[in-house]
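Chemist: Sequence:
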Amino acid sequence: MIEVEKLEVEGKSLLGLRVEMPGTPPILLILGGKGFIMCGYLNLEVAEKLGAAAAVVTGVKTFEDVLNAEIKAATSKGEALGLKPGRIVREVIGGIA
1 MIEVEKLEVE GKSLLGLRVE MPGTPPILLI LGGKGFIMCG YLNLEVAEKL GAAAAVVTGV
61 KTFEDVLNAE IKAATSKGEA LGLKPGRIVR EVIGGIA
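Residue numbers (the numbering used here): 1 to 97.
Just so you know, not all the hints are guaranteed correct.
To be verified - Label-pair restraints from in silico Cβ distances:
1) P22 - S76: 28 to 38 Å
2) M1 - G86: 24 to 34 Å
3) K84 - M1: 12 to 22 Å
4) K34 - I88: 31 to 41 Å
5) T62 - G23: 16 to 26 Å
6) N43 - I2: 16 to 26 Å
7) G23 - G94: 14 to 24 Å
8) T58 - E20: 11 to 21 Å
9) M1 - P85: 24 to 34 Å
10) T62 - P22: 16 to 26 Å
11) A80 - P22: 28 to 38 Å
Claimed, not checked - Calculated cross-link-like contacts (lysine-lysine; reagent style PhoX-like; alpha-carbon spacing at most 20 Å):
12) K49 - K6
13) K34 - K6
14) K49 - K34
15) K72 - K84
16) K77 - K34
17) K12 - K34
18) K49 - K72
19) K84 - K34
20) K61 - K72
21) K61 - K34
22) K12 - K49
These are calculated hints, taken from the structure and not from any lab test.
Here a beta-carbon is modelled for each residue, glycine too, at the ideal position from N, C-alpha and C.
Produce the entire structure from the sequences given, and follow the hints as far as they go.
Modeler: As structure tokens, then:
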């Protein structure tokens, strides 16, 4: 099953995508106009090569989990928008909205 949801966070509109996977945790993505936050399925090296503003969080199963998670790693463009490792997504999500 694929779920797409409009998310309102800190006055910003974002798009959430959740894909159920057989026998494994779901794929979760929160997309803004300037970049995205994704679960551990994200290949950060590829995102960096493609010039994406992106960050990775782990151990998440819901959009709320993503928003409350600590950023584990980010691309250089993601870091330039405030998506720095150790920061909580909800606190810096405005950088990609």
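Chemist: Indicate, hint by hint, whether the structure satisfies it.
Modeler: Status of each hint after checking the structure:
no.	hint	in the structure
1	P22 - S76: 28 to 38 Å	holds (34 Å)
2	M1 - G86: 24 to 34 Å	holds (33 Å)
3	K84 - M1: 12 to 22 Å	violated (33 Å)
4	K34 - I88: 31 to 41 Å	violated (18 Å)
5	T62 - G23: 16 to 26 Å	holds (18 Å)
6	N43 - I2: 16 to 26 Å	holds (20 Å)
7	G23 - G94: 14 to 24 Å	violated (35 Å)
8	T58 - E20: 11 to 21 Å	holds (18 Å)
9	M1 - P85: 24 to 34 Å	holds (31 Å)
10	T62 - P22: 16 to 26 Å	holds (18 Å)
11	A80 - P22: 28 to 38 Å	holds (37 Å)
12	K49 - K6	violated (28 Å)
13	K34 - K6	holds (16 Å)
14	K49 - K34	holds (16 Å)
15	K72 - K84	holds (8 Å)
16	K77 - K34	holds (10 Å)
17	K12 - K34	holds (12 Å)
18	K49 - K72	holds (18 Å)
19	K84 - K34	holds (15 Å)
20	K61 - K72	holds (16 Å)
21	K61 - K34	violated (23 Å)
22	K12 - K49	violated (28 Å)
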